[in-house]
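J.: Using the sequences and the hints given, assemble the complete structure.
Protein chains: 2
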Amino acid sequence: MAGTNSERRMIAEGPAIILVEPQLGENIGMVARAMANFGLAELRLVNPRDGWPSDKARSAAAKADHVIDGTQVFDTLEEAIADLNFVYATTARQRDGFKPVRSPVTAAETLRSRFRTGERTGILFGREKSGLTNEDVALADEIVTFPVNPAFASLNIAQAVLLMSYEWMKSGMDDVTATPFQEVEQAPATKDELIGFFEHIEEALDARGYFHPINKKPKMIDNLRAVLSRRAFTSPELSVMRGVISSLDRFQRRRPHPEAAQAGEGREPGHDDD
Amino acid sequence: MAGTNSERRMIAEGPAIILVEPQLGENIGMVARAMANFGLAELRLVNPRDGWPSDKARSAAAKADHVIDGTQVFDTLEEAIADLNFVYATTARQRDGFKPVRSPVTAAETLRSRFRTGERTGILFGREKSGLTNEDVALADEIVTFPVNPAFASLNIAQAVLLMSYEWMKSGMDDVTATPFQEVEQAPATKDELIGFFEHIEEALDARGYFHPINKKPKMIDNLRAVLSRRAFTSPELSVMRGVISSLDRFQRRRPHPEAAQAGEGREPGHDDD
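Top line first, the protein sequences correspond to chains A and B.
Using full-length UniProt numbering, you'd call the opening residue of the first sequence number 1 and step up by one each time.
Using full-length UniProt numbering, you'd call the opening residue of the second sequence number 1 and step up by one each time.
One or more of the hints may lead you astray.
It does not matter which identical chain is meant; a pair holds if it fits inside one copy or across any two.
[Claimed, not checked] Each computed DSSO-like pair below joins lysine-lysine, with the alpha-carbon atoms no more than 27 Å apart:
id, residue 1, residue 2
1, K191, K99
2, K191, K217
3, K129, K56
4, K129, K216
5, K191, K219
6, K99, K216
7, K191, K129
8, K99, K219
9, K129, K99
10, K217, K63
11, K216, K191
None of these hints come from the bench; they were simulated from the model.
T.: Okay, structure coming up:
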């Protein structure tokens, strides 16, 4: 099931990620990796402290080379956003001012709808220690902030980029409950298959005197069927279960395990039902 | 506005995060930090390669000491989940088998509803290099997987924990578009305030001969009002704008800036309207 072409599609589109005066190459690399994980590719750096290119960044990017290779460096934030139509600033603290404040979900939806109409967009992330200045924030259209633990609110830069990238990816999904792969079978078995299973196990138990005393047999069958049908078995699951019953039914134990024999002591068949 | 008690509330509840045979202390520390960011506190380690406690983990946890101090270590995964009622396994690849596969959003909602009914829950995360084995996954109730770029799907362990912790936090919010703080003012100004602003600026312009030729004045006013009302100004914003107009209107330029004077060359007031 794995390895179809569509599963390997490289996604590389969407808002630019703009890091303002990042300090550590490792952080820039982790940002690149997080972007690649969720299909973003355009990284811009404003005045990175340790220069560019950066071996540490490339190493931390864990093969997100397409992001690292395409990274652009600017002297000022004004230059870094010059060609963009709409920009978010990420910040963990309230600013005085008139900017609308959005959740990551709302911001991602806004970025997605602007992307679909052809606008060029970006998201600003601040310095490791001090975040964005008020002057940086003033250049953005709106603010985005994360719903964090109030007593432990500090996200590192790669984490913040990861969360926005993840919400960006989700904003492009028709259904956020969809998954890239699914379980092998989802539909419950037919009732015919289920009743066949009931009859199989009941016959094997009956042959062993499980339904004892016999006047309780209807109630015991009710209980057993309730237990076995609470979870809706699929067809392949019923095949597995029927194999188990057949094995227990037809074959004698060959090498009794000492522990298992001990654990079974004192257990009587047919008395766990009422 | 900042610094109220409610803003500093420490959240520490919810599913246990269980790392199976983690290798690097740094990763364990970043996991602890991610948990603390989104209000989780219970970290369990199965057979960590470099032992426990770990100075590297504490350092990377960036002061999430309550998580590090409470971390429990187990020899086996079976022991680590023994007291739990419901467990998710995180995996990036499809497994043969019968486990339901959920998105992070669905998984977080499921964990939240089980938490509210008093169940104890957990989320399994695999080894840095190889993830969870099929045997590990078999011990979980359901699988959770992330919507990633198909060609760049590998999340590191701290990133995966961060995303699940973030979705956990969101699952407890009544409204995922809510933000921990809001802009200072959101309501648009009244029309009375807005019209007062229009009249202010129009009077100042009229006094300068802006509305030229005079027969175009009604159309020019229409255009100007359209520009000024497209974005709904708030009351404080109108105060700022009226201050700007008053300053331009009442005070002569004191120290003409050479560049500004040059940039203004060739611009005639009153001719940018049609």
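J.: If a hint holds in the structure, say so; if it doesn't, say that too.
T.: Evaluation of the provided hints:
1. K191 / K99: between (59 Å within a copy, 21 Å between copies)
2. K191 / K217: within (22 Å within a copy, 80 Å between copies)
3. K129 / K56: Classified as both; 19 Å inside a copy, 20 Å across copies.
4. K129 / K216: neither (73 Å within a copy, 55 Å between copies)
5. K191 / K219: Only inside one copy: K191 and K219 sit 20 Å apart there, 75 Å across copies, limit 27 Å.
6. K99 / K216: neither (73 Å within a copy, 35 Å between copies)
7. K191 / K129: neither (62 Å within a copy, 43 Å between copies)
8. K99 / K219: neither (68 Å within a copy, 31 Å between copies)
9. K129 / K99: Within one copy only: 23 Å inside, 43 Å across.
10. K217 / K63: neither (64 Å within a copy, 62 Å between copies)
11. K216 / K191: within (25 Å within a copy, 81 Å between copies)
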